[in-house]
Amino acid sequence: MLGLPIGSLPFVRESALARVADEAKLTRLISQLPDLQAAWPLLLMCANPRAIHLLRALPPDLVEGYAAGHDALIAETLTGLLQRQRLSVRALRIANLPLRLGGLGLRAATRIAPAAFCASWADCLPVLLKRTPLLAEEILVQLTSGAPGAPCLQALLATAATLAAEGFDDPPTWRAFAAGARPPRTRAEAEPGEWKHGWQYHTSSLRETFFRRRVLLPSLPPAGRALLRSQGGPLAGRHLTVLPTMRATTCPLYTADAADEEDSGDHRRDPPAKLTTPQRIPQPVLHTTLQ
324 MLGLPIGSLP FVRESALARV ADEAKLTRLI SQLPDLQAAW PLLLMCANPR
374 AIHLLRALPP DLVEGYAAGH DALIAETLTG LLQRQRLSVR ALRIANLPLR
424 LGGLGLRAAT RIAPAAFCAS WADCLPVLLK RTPLLAEEIL VQLTSGAPGA
474 PCLQALLATA ATLAAEGFDD PPTWRAFAAG ARPPRTRAEA EPGEWKHGWQ
524 YHTSSLRETF FRRRVLLPSL PPAGRALLRS QGGPLAGRHL TVLPTMRATT
574 CPLYTADAAD EEDSGDHRRD PPAKLTTPQR IPQPVLHTTL Q
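Positions in the sequence shown are counted from 1; adding 323 to them yields the numbering used here.
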């Protein structure tokens, strides 16, 4: 509960929106770093996951404005780091995918909000049952009835319905969650902003996989679909998370001439802006985002 807005619905929404301005202070500092390979992990591992706190604690309808503002801020920062004038909708959709699905791992808060909120309740129910059994029992009665009176529980059932429609087949019952039901084990390695010990990894992966399969892949040309699939898989994005702490993990300088040369083969890509100074831009980042 630490740091969460508690009060009327307008107050909660306004307080959540105020977080965007606070997060902008960090992204501005990231944008000012002269080396992209140093700025990139800060955007990926620090700025982007900051949304998780509110997404887990508040219903999606209360964080809708915040989530949209957070996503816009991350997209704006990424565009600036790549020194582009703009990034296409397709490029941003790819950037929002997890690394293991061929994206850049800049997860969209608007997409994972229902997954995070539902997973938070699934993880907290055992604690509530242990520490406040009477309250937990009342919550379970309302959830199992299918028509709870509390708005937060109504939002919880709505998020559960969204997940069920996107592939959360045969989930545990609410009483099973309260009894400590755990998510299926997976060999996939968790990425920045993910924690495999809870339900959020599982529920968020369902949403991301559904979006990739039903929305993104059908919108790509055959070559784009093949390229996206080739970029995914276990540890496929490991090269995007290494830190430039030694020569072996530091990318070579990547200048405007190299960017122009890379883009010359496909005029459908976003035109690169002029780089005023040489930057260490990991080529896989540009290659993934601008396909």
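To be clear, the hints were calculated from the coordinates, so they are not data collected in a lab.
There's no promise every hint is true.
Unchecked claim - Straight-line alpha carbon distances no greater than 20 Å define the calculated SDA-like cross-link-like pairs of lysine to any residue that follow:
hint, residue 1, residue 2
1, K348, M368
2, K348, G330
3, K453, E399
4, K348, G388
5, K348, G326
6, K348, G403
7, K453, G521
8, K348, E337
9, K348, P372
10, K453, A502
11, K348, T402
12, K348, P333
13, K348, L365
14, K453, A499
15, K453, R505
16, K453, V464
17, K453, T467
18, K453, R498
19, K453, Q465
20, K348, I375
21, K453, G469
22, K348, E399
23, K348, L404
24, K348, A395
25, K348, D358
26, K453, E489
27, K348, R416
28, K348, P364
29, K348, C369
Evaluation of the provided hints:
| no. | hint | verdict |
| --- | --- | --- |
| 1 | K348 <-> M368 | holds (16 Å) |
| 2 | K348 <-> G330 | violated (26 Å) |
| 3 | K453 <-> E399 | violated (44 Å) |
| 4 | K348 <-> G388 | holds (18 Å) |
| 5 | K348 <-> G326 | holds (18 Å) |
| 6 | K348 <-> G403 | holds (15 Å) |
| 7 | K453 <-> G521 | holds (18 Å) |
| 8 | K348 <-> E337 | holds (18 Å) |
| 9 | K348 <-> P372 | holds (15 Å) |
| 10 | K453 <-> A502 | holds (10 Å) |
| 11 | K348 <-> T402 | holds (17 Å) |
| 12 | K348 <-> P333 | violated (24 Å) |
| 13 | K348 <-> L365 | holds (13 Å) |
| 14 | K453 <-> A499 | holds (14 Å) |
| 15 | K453 <-> R505 | holds (16 Å) |
| 16 | K453 <-> V464 | holds (16 Å) |
| 17 | K453 <-> T467 | holds (19 Å) |
| 18 | K453 <-> R498 | holds (13 Å) |
| 19 | K453 <-> Q465 | holds (18 Å) |
| 20 | K348 <-> I375 | holds (18 Å) |
| 21 | K453 <-> G469 | violated (23 Å) |
| 22 | K348 <-> E399 | holds (13 Å) |
| 23 | K348 <-> L404 | holds (15 Å) |
| 24 | K348 <-> A395 | holds (14 Å) |
| 25 | K348 <-> D358 | holds (18 Å) |
| 26 | K453 <-> E489 | violated (31 Å) |
| 27 | K348 <-> R416 | violated (24 Å) |
| 28 | K348 <-> P364 | holds (17 Å) |
| 29 | K348 <-> C369 | holds (12 Å) |
The structure is inconsistent with the numbered hints 2, 3, 12, 21, 26, 27, although it conforms to all the rest.
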